[in-house]
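Visitor: Sequence:
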Amino acid sequence: MKGTYGFFLVLVLVLVSGLIAYLGDVLGRRLGRRRITLFGLRPRYTAIAFSVLAGMMITLITLIAAAALSEKVRVGLTQVDEMRSQMSALGSKLEESLSTLAAAEERTKKIEDAREAALLDLADTKRKMDEVSVKLEEADAKLKSVNEELENVTARLSQSQERLQKVQEQLTAARAELKRGERLALGQGRRLLEMEGQRDELASQRDALTKEVRGLKKQAKLLRQERDGLKTEVARLNARLDALVGATTPILTEEVIFEVGEELGRKRIEANQPITALRRQLQQFVHSLETRARQAGAAEDENGRVVIPTRILTQPGNGQIRIYEDSEVMEMLARQIHAPSGSVIVRAFCLLNVPRGLPVPVNLTLTPNHLLFKQGEQLGSTTLNPRKSEGELLAEIVGWLREDISTRARQKEILPDLPSPGEKALLFGTSRYSVGRISPDKIFGIIREIKRRRSSVEIVARAAKDTWTVGPLELELAIERR
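Per our numbering, the sequence shown runs over residues 1 to 482.
Honestly, the hints are just simulated from the structure, not real lab data. Just so it is clear, the structure is predicted and the values come from calculations on it, not from any experiment. Idealized CB from N, CA, C, for every residue including glycine. Among the hints, erroneous ones may be present.
[Said to hold, decoys possible] So the derived label-pair ranges between C-beta atoms look like this: (1) A296 - G229: 40 to 48 Å; (2) T172 - Q219: 27 to 35 Å; (3) Q336 - R227: 49 to 57 Å; (4) S92 - E392: 16 to 24 Å; (5) D25 - R453: 33 to 41 Å; (6) K374 - A299: 41 to 49 Å; (7) Q375 - E403: 17 to 25 Å.
Could you build all of it, start to finish, from the sequences and the hints given here?
Guide: Next comes the structure, spelled out in structure tokens:
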């Protein structure tokens, strides 16, 4: 329908223009034959004036007819300046929208990561609370059993002591009677032997009871020590349980300024430097992290540290994990970086979910920095149809950058981009892994070039400069010449 209307409009304009030209020619010839003059001009110049006037009438009537028959032509003739202003405003608004979209995606990513980390921390805390509760119940049961056994041993000890006292009394009586018996007549020897046997038996009982009492006292002492140890363990478990319960609340209520695993910053360091220079650059990097942490709301610990650099390593052989801090970390990293050539990227990752008002523990890692793409190297291409609207072309270009080009970059193991706050650039990649940026002006410029073409065009993306592992990947878009 639109094609038919356009053809009809062109046909009408051609016919009207031809009619005006014919009338002008006829009028000019008649004036020439009659040698009529206009405004005192010679007949020749009068004919020329009529021809010029006819041409002007052709243009004027063509524009009037086109404006009368086509609303687009009418709007284009009368509102062209306004349309340009609107186009400029829409371009600016689109840039702001792209920046807002990138910021919203970044905020969404942070919120999702924070929520996942909080849920994991909460689940881990609940699991630890359950383990501590079970241990606490076991310790209470064992303490109760030990108390009962201690009471039994104490009762047996008391009984043994009473029996020992009775035996002592009997032994004393037997000795006294034996002494009296020795003073009796020698004829009473049989009675004397019986008394000596009774004395020896009582002495054996006394020794056995003494030994039993000594063992019971030792057992009671051990049981008391075990009871005291169990009481200490119960107190420790109760304190740990209270700490875990208290740690659960900040996970859900306090404002988290840095999430676990969030990258706070990175720095590229040349490896062919002295150890002291490398250590100084690492300290400067940590100082820059402290500035960002303070701005976000972090606070100092008891040693005046806002950012606590650490290095988590697994010991070879035994598999034990050791955490290095501060000077140990700087010395270790400096020696690991030191090499005859090349460069290394130092990255700082937050170890915990850090609420406002607390210091930030970070894990420092090292990544070799390699050349991934040379300047001008082609990363990909796509074919676009200029008949599509500018909005459709923009959506196709952005989708192509975020899927094909970012995939190529991630396959080369480029690091995710860390955009500066307030930066107006289109980030491409996934919402969790943006690998580069491109100015919206470049995209709008290539769209304008596409719209000037009549057939499908091939767009190529090339690296705007040498791109290393540290990134970011900056692109140049161009129309491929065929």
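Visitor: Next, verify each hint and record whether it holds.
Guide: Going through the hints against the structure:
At about 45 Å, the beta-carbon gap between A296 and G229 stays in the expected band of 40 to 48 Å. The supplied range of 27 to 35 Å is met by T172 and Q219, whose beta-carbon atoms lie about 29 Å from each other. Between Q336 and R227 the Cβ separation comes to about 52 Å, which falls inside the hinted range of 49 to 57 Å. Between S92 and E392 the Cβ separation comes to about 21 Å, which falls inside the hinted range of 16 to 24 Å.
Checked against the given bound of 33 to 41 Å, the beta carbons of D25 and R453, roughly 40 Å apart, stay inside it. Checked against the hint of 41 to 49 Å, the C-beta distance between K374 and A299 comes to roughly 46 Å, which is consistent with it. Here the CB-CB span from Q375 to E403 is close to 24 Å, well matched to the stated 17 to 25 Å.
When the structure is compared with the earlier hints, no violation turns up for any of them.
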